[in-house]
Amino acid sequence: MNSSASQGSPLGVDFVDLHRHFGEVRGLDGLTLSVEPGELVCLLGPSGCGKTTALRILAGLDHPTSGEVKVAGKDITGVPANKRDMGMVFQAYSLFPHLTTADNVAFGLKLRGNSSAERRKRAGEMLELVGLSEHADRYPHQLSGGQQQRVALARALAFRPSVLLLDEPLSALDAKVRVQLRDEIRRVQLEVGTTTLFVTHDQEEALAVSDRVAVMNAGHLEQLATPSELYSSPATPFVGEFVGLSNRIPAAVDDGRVRLLGHSVDALPGSVSGPGVALVRPEVVGVEADEAGNATIASLSFRGPVTHVVCTLASDAAVGPGGVTADQEITAQIPSGHAQRLTLGQRVRVTIEPVPVLVIAG
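Terminal number for the sequence shown in our numbering: 388, no gaps in between.
Source of the hints: derived by calculation from the structure; they are not laboratory data. All values derive from a computational prediction rather than experimental measurement. Heads up, a few of these hints could be off.
[What the hints assert, rightly or not] BS3-like, lysine-lysine: derived pairs with alpha carbons at most 30 Å apart:
no.: 1; residue 1: K136; residue 2: K100
no.: 2; residue 1: K147; residue 2: K136
no.: 3; residue 1: K147; residue 2: K109
no.: 4; residue 1: K136; residue 2: K96
Build out the structure end to end from the sequences listed, making use of the hints.
As structure tokens, this is what we get:
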């Protein structure tokens, strides 16, 4: 870790049975979540799931109906926002247009009474950290959107906050800049070591930057897991359908095994028993040319290194109890080199890799 950027010992954060009601609407409905010191956790979910409400309550910008917020084990639920030592970066950059980049970064330090020399030194360190040292004397209107958001990040870290809060910080940027800055935020967070909560509705963003992802739905926590565990082992039907693309294939579960498409694989915990619908990731679906196969190719969509192949299963395909419905489709994601040998309307055999799947009620 760069000692000049160090924020001191990171602190853990706990939401304890947090409720927030807006009249009849339950913005948060018993949220309990722990963030380890130095960890980056993404709050991921659709609009209205409560993720921004949770962040605002942690920042002291909103107050819970009931429950507690703790930092380093201390209850801060009633502590005013200006006493919480939180750094925040919003979707809007919120930079002062009349201040230079360096002065924007140093603004919080000035409010805290740091000397001019201290402010200049710390602003320089932070601008170096985010790669903007050469732009110290520029004004916000002279910077790109991505650069302005880097300044906002540097400003949030300048006073060494105990916790960093990021509320949809990349959603106003175009796709290429968003990916670049996403990776930059993760690099900076790892170097500085600040405990961080990152709110986003973008699942790719969440999976790319997080130590763990907290999937929220209707004000409560559906699952908290590492990105790989969340993707490969969804704990609930909501997580299985919200995170990543999944095929919905008729299946049957018996004694912990799933029968689908002529295969038998393990059922993930939380699967229903008996008939249901298996959530199958496209990348575990195989497609091979076969005149006696169980499907035909309906479409080919080139995506660079991979191609999405949509296949229409034959009505007699061994998928599950009762076979498949008319025009049942399954999407595979295969290497584009392999896909070049496939053509529209071609008869193929669709297979499933032997990985566990979640089966939900049909």
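Do the hints match the structure? See the list:
no. : hint        : in the structure
1   : K136 - K100 : holds (27 Å)
2   : K147 - K136 : holds (12 Å)
3   : K147 - K109 : holds (24 Å)
4   : K136 - K96  : holds (28 Å)
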